[in-house]
Amino acid sequence: MSNAIIPLLLDSLASAALIFFAAVGLTLVFSVLRVLNVAHGSLYSIGGYVAASVCLFIASRQLNPYLSFVALLFSAVFVAAILGPLIERSLVRWTYGKSEAVQILITFGLFLILEDLQRLVFGVQSLYEDSPMRLLGTSSIGGVVYLNYQILLVAMAVLVVVGLRLLINHTRLGRLITAVVTDREMAQSIGIDTNRIFILAFSLGVFLAALGGALATPTSGIAPGLGADTMVLAFAVAAIGGLGQIEGAAVASLIVGFARVLAIYLVPSLDAVAPYAAMLAVLLIRPYGLFGSVTARRI
Amino acid sequence: MAFNGISIVFARCLSLLQLLFRLDRGLPPANRRLVVDGLAGALAIGLVATTPVAAQDKPSSVGLGVFTFTSGPAAAYGMPGKNAADLMIDEINAKGGIGGVSVTATYVDEAQGAQGVIAEYRRLAGDAKNQVMVAALSSATCLALAPIAEQLEVPTVGWNCDTHQLLMDGKSKYVFRPNGNTVPEFIAYAIYLLDRKPDVKTVAIINPDYAFGHDAAKIFTAALKALKPDIQIVAELYPKLGSPNYQTEISRLTTARPDVVFSNLWGADLENFVRQATPRGLFTSSQVILALGETVLQRVPLPDGVIVGVLGDGWWMSPDAKANPETVKFAEAYKSRFGEYPVFPSIKMANTLIYVKAAYEAAMQKNGAKWPTRAELADAMKGSKVTTLTGTVQTRADNDGLVDQIVGVTVKTSAQPFPAIGDMVRYKGDSLLPQAGQDPLAWISTLKPEFAKGLPKPGSYKIGER
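So the protein lines, in turn, are chains U and E.
First residue of the first sequence: 0, per numbering that gives the first Met the number 0; consecutive thereafter.
First residue of the second sequence: 0, per numbering that gives the first Met the number 0; consecutive thereafter.
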């Protein structure tokens with residue numbers, strides 16, 4: 000088993016990166032809007048479908064294959080630009096200040112609509128497009144061949160954490176968001192357009208969800224049902240990290256990734272339950288998650 | 000005429016019921032619909048059960064309930080089955096239908112889960128027009144539907160239904176499986192592997208996490224241990240059905256450094272696994288066996304030398320298939336309609352419909368050309384021997400089918416732009432199956448290395464050598 004330690008750690012990092020992308024948008028939206036968006040998983044899979052479709056188009060037209068990397072990013076931007084403002088203005092804004100039950104019911108309804116829309120638009124069969132994965136090649140580490148694309152995903156996840164931290168702490172938009180999160184009424188009273196902040200924050204959450212789906216596409220197919228699985232996992236990560244905590248989501252992704260990979264290496268029959276066993280263990284000790292607290296909210 | 004009369008009365012009863020429930024504002028519309036549907040189903044079952052004579056009149060068309068996956072990751076396996084059903088039904092109807100009666104199909108998506116599938120089965124069974132159910136793809140669905148088929152006395156023909164648990168009690172009257180089951184299917188791989196690589200010492204397994212995956216692992220392992228007791232299983236992984244990502248599993252398999260990796264992943268799971276494992280070198284570091292590998296040959300570039308098979312004899316390019324003009328015609332028609340050649344789930348479905356048609360013809364021959372009842376159809380299926388597109392299927396006393404097993408390895412061919420199966424063997428259906436009523440795992444444990452010596456060898460199944 001000693002020869003498996005390096006692969007185990009690398010797999011944990013690679014797995015954590017994918018999980019982080021699935022969860023970070025959910026936690027960001029909760030921190031700003033105080034809405035638990037159950038439709039988050041659908042936005043993740045829509046990002047995947049759009050990215051796969053664009054990459055397939057690039058491949059079918061025999062365009063420069065490196066365009067597929069650009070396509071991954073711009074698919075997420077496209078999804079966020081269209082769906083972010085649309086969903087926030089038409090549905091989510093009516094849930095502000097309402098009970099959690101109302102928020103969950105409305106976003107769950109949205110989840111069902113989006114799942115059916117995906118079937119309607121993209122069909123029921125799986126989509127595959129792995130050219131970005133193939134273009135980057137492989138590396139042998141610890142006796143195991145890894146995709147360089149997996150390593151790229153880890154780097155991207157680190158970039159997103161750092162980028163979000165810079166955005167929140169060192170930009171005007173970040174300060175406005177912080178003001179709204181800290182005291183919404185006070186922010187309004189000093190002239191901050193909270194509606195605009197909500198649209199931007201929700202769209203950023205949609206972008207992160209769609210980016211997660213798009214980046215996952217080259218290493219795994221996209222099929223109906225992916226949204227539900229992603230949502231459950233994202234919620235487990237958000238709960239472990241503390242709802243609304245971006246660094247918490249990053250640490251929780253590492254914990255969940257490590258738990259899952261450890262289970263596959265040592266006790267494969269516990270593979271499916273490992274993330275939720277980790278969630279249970281953390282919540283028993285810290286009911287508000289690793290970085291969460293009863294009242295104060297941070298981003 | 001009697002049937003028409005009953006239909007009119009039945010329709011009027013339904014109208015009255017709907018009228019009655021329309022007056023009841025206490026029930027929401029969805030519930031009213033549910034109640035009406037439920038009562039309609041119950042009434043229909045009652046009518047069918049109490050008026051056996053009615054079914055003797057030749058209907059204007061005969062319905063088949065066809066259960067398969069038409070959505071989700073399993074649709075990669077289920078849709079070829081549905082496509083084949085569409086094509087085969089068209090071919091049957093073009094030749095005058097069954098006894099002059101045209102055939103129609105109602106498709107049920109198994110992706111909706113067991114409860115929905117059971118409700119659909121009951122609804123379809125409630126319509127006397129649907130005399131036979133072609134159900135189902137998933138072993139889990141088949142196990143859920145089998146007791147209902149017996150209860151409602153509806154002939155139910157498993158077009159896939161691999162689990163050996165389905166007919167193990169030998170008491171089934173209405174459930175049939177004109178296919179192989181997990182026992183011959185996976186013993187075949189153990190024998191082929193040991194013939195091809197007699198020095199194999201370590202094996203890793205990656206199968207889907209439900210009955211089919213676990214049963215296959217048990218059977219394959221038991222057969223290997225019986226035939227070569229020093230074999231070690233170094234890793235057993237059971238990822239969730241529908242998993243999109245296998246990267247960690249691939250790392251785990253690589254670190255175990257097995258001589259052989261065995262898998263019965265299927266549908267989109269198999270396609271995902273192959274796409275992810277190929278660039279990571281799993282196919283070069285170990286001998287890989289993909290039990291359902293033929294289904295991805297046209298879609299994913301599999302390297303040479305991967306052991307693959309068709310869980311039965313349903314390969315459209317097998318020597319028997321190539322020698323049968325009907326099969327060649329079917330394969331070409333399938334290709335021109337759906338864009339690819341029929342994979343073995345397509346052939347399984349087509350063979351099942353041939354089996355159902357043969358049962359109708361046998362039943363009508365027996366009862367003086369009258370339209371058969373459900374009981375007469377079930378009776379005709381018992382012990383039947385039917386020539387299919389790719390061989391023959393013999394129904395045993397326990398309603399299980401005896402079908403040959405084809406196994407081989409992927410090879411490049413100039414005839415097609417995708418790999419074919421070479422170095423093939425075709426094991427006789429009855430040579431890898433215990434007697435009816437015998438516990439399969441106990442039977443496998445009694446096998447000795449000599450057992451394999453009497454069986455055909457890799458490369459023995461060639462054109463003109465059968």
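Since the hints were made in silico from the structure, they are not lab data.
Check the hints yourself; a few may be wrong.
[What the hints assert, rightly or not] DMTMM-like, lysine to aspartate or glutamate: derived pairs with alpha carbons at most 25 Å apart: (1) E:Lys239 / U:Asp182; (2) E:Lys321 / E:Asp89; (3) E:Lys196 / E:Glu235; (4) E:Lys334 / E:Asp108; (5) E:Lys239 / U:Asp115; (6) U:Lys97 / U:Asp182; (7) E:Lys239 / U:Asp228; (8) E:Lys200 / E:Asp229; (9) E:Lys170 / E:Asp198.
Here is what the structure says about each hint:
1. E:Lys239 / U:Asp182: Violated. Lys239 (chain E) to Asp182 (chain U) sits at ~44 Å, over the 25 Å cutoff.
2. E:Lys321 / E:Asp89: holds, 22 Å
3. E:Lys196 / E:Glu235: Holds, at about 21 Å.
4. E:Lys334 / E:Asp108: holds, 23 Å
5. E:Lys239 / U:Asp115: Answer holds: Lys239 (chain E) to Asp115 (chain U) is near 23 Å, not above 25 Å.
6. U:Lys97 / U:Asp182: Given pair Lys97 (chain U), Asp182 (chain U) holds - Cα atoms ~17 Å apart, limit 25 Å.
7. E:Lys239 / U:Asp228: Status holds; Cα separation ~11 Å.
8. E:Lys200 / E:Asp229: Holds: Lys200 (chain E) and Asp229 (chain E) sit about 7 Å apart, inside 25 Å.
9. E:Lys170 / E:Asp198: violated, 42 Å
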